[in-house]
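Protein chains in written order, with this note's numbering: chain A, 1 to 116; chain B, 1 to 116.
Some hints here could point you the wrong way.
[Claimed, not checked] Calculated lysine to aspartate or glutamate pairs in the EDC-like style (CA-CA distance at most 20 angstroms, straight line):
#, chain 1, residue 1, chain 2, residue 2
1, A, Lys3, B, Asp59
2, B, Lys95, B, Asp30
3, A, Lys3, B, Glu104
4, B, Lys95, B, Glu24
5, B, Lys14, B, Glu62
6, A, Lys3, A, Asp26
7, B, Lys9, A, Asp26
8, A, Lys16, A, Asp86
9, A, Lys73, A, Glu44
Keep in mind that the hints were calculated from the coordinates and are not lab data.
Listed below, chain by chain, are the residues.
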Amino acid sequence: AQKITQTQPGMFVQEKEAVTLDCTYDTSDQSYGLFWYKQPSSGEMIFLIYQGSYDEQNATEGRYSLNFQKARKSANLVISASQLGDSAMYFCAMREGDDYGQNFVFGPGTRLSVLP
Amino acid sequence: DGGITQSPKYLFRKEGQNVTLSCEQNLNHDAMYWYRQDPGQGLRLIYYSQIVNDFQKGDIAEGYSVSREKKESFPLTVTSAQKNPTAFYLCASSKQRQGSIHNEQFFGPGTRLTVL
Numbered sequence: 001a002q003k004i005t006q007t008q009p010g011m012f013v014q015e016k017e018a019v020t021l022d023c024t025y026d027t028s029d030q031s032y033g034l035f036w037y038k039q040p041s042s043g044e045m046i047f048l049i050y051q052g053s054y055d056e057q058n059a060t061e062g063r064y065s066l067n068f069q070k071a072r073k074s075a076n077l078v079i080s081a082s083q084l085g086d087s088a089m090y091f092c093a094m095r096e097g098d099d100y101g102q103n104f105v106f107g108p109g110t111r112l113s114v115l116p
Numbered sequence: 001d002g003g004i005t006q007s008p009k010y011l012f013r014k015e016g017q018n019v020t021l022s023c024e025q026n027l028n029h030d031a032m033y034w035y036r037q038d039p040g041q042g043l044r045l046i047y048y049s050q051i052v053n054d055f056q057k058g059d060i061a062e063g064y065s066v067s068r069e070k071k072e073s074f075p076l077t078v079t080s081a082q083k084n085p086t087a088f089y090l091c092a093s094s095k096q097r098q099g100s101i102h103n104e105q106f107f108g109p110g111t112r113l114t115v116l
């Protein structure tokens, strides 16, 4: 079963507008971490933001914020004031448990295109 | 500057040849990972290593081999047994200790392998 689901293969947004990229996850662990990465066309993976399962506040990093709804198991990325440079693939990832050796699981990604 | 380097950036291989992709990190991270990414797809885990001289198979290890003789280095060999090796290969590292669930993965720039 998919542990990370990103239901939007592609999204379009007008420059300067906000956009939400969806991510739902599946875990039975109480302790887990959720990550968002950006992958431009160059291929590098850029870490954007992190949310821990015990964090009460939604994470924010500059123009990025994470809409964390624990009961619904969703961790949507919100990008405010979109810029042309935001056009890229975006991946949601999860790291389960708090034990040594827990690996990351990535979703299939969402391709965001920012229109001028 | 601390980071992860991968070489070469582009690699061409003839069918039936083994080829080794290099990955080096100077972040003093214990854990290192190899992922494969096909066009328009997410990341799939090939192998990972949590400590020197130890490594584990990921989801798609068949046709690949690794070694971890030094903390800084985690080379990946694509063998002739890998039937469809043309892909983008990403190396990553992260801190790995109990309680480190919030530690993100850092990625290298990737190697694009093409089989001729």
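Earlier hints that do not hold, by number: Violated hints (numbers, rising): 7, 9; every other hint is consistent with the structure.
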